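S.K.: Everything in the sequence shown is counted per our numbering, starting at 755 for the first residue and increasing by one.
Careful: at least some of the hints might be erroneous.
Stated by the list, open to error - Straight-line distance between alpha carbons at most 30 Å, and here's what the computed DSSO-like set of lysine-lysine pairs gives:
no., residue 1, residue 2
1, K770, K867
2, K770, K865
3, K865, K771
4, K766, K867
5, K867, K771
6, K866, K770
7, K832, K766
8, K771, K866
9, K870, K766
10, K770, K870
11, K766, K865
12, K866, K766
Hints were generated in silico from the structure; no laboratory data involved. Values in this document were obtained by computation on a predicted structure and should not be read as measured data.
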Amino acid sequence: MLERVLGNFDEKSLVKKAIGGIIGAVIVCLSLGMSGNLEEPVLYFFFSFWLAVGIIYGINVIRSIMSGCYMTEDFMAKWLVLGVALIIGVIAGGILFAIDVVRWVVYLIAKKKEEK
């Protein structure tokens, strides 16, 4: 089931997505720092990292929820669907990222045992 959702485990893909999340978190923290609203930098960095990685991993969930949005012509309904899709997609993407990190740890343990 996990291979169907996340694909086969690829260490390079995980690193690329994590670097994308770090870049997104740095951009958010720098913009908050320049505006003077950065009160808890570690908390904001963690939250913005989780948000960026959630978007990266959850983009397919967001797309699938937004696919039914073309049926309505109401402007507010489209924005409501977009908001709900972003919330669900980011939460699902964050969970998928956590699962991928656990798969990475299992991969490292299996690789270490294989070397012995």
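S.K.: Hint by hint, work out which the structure violates, then give me just those numbers in ascending order.
M.R.: When the structure is compared with the hints, only number 7 turns out to be violated.
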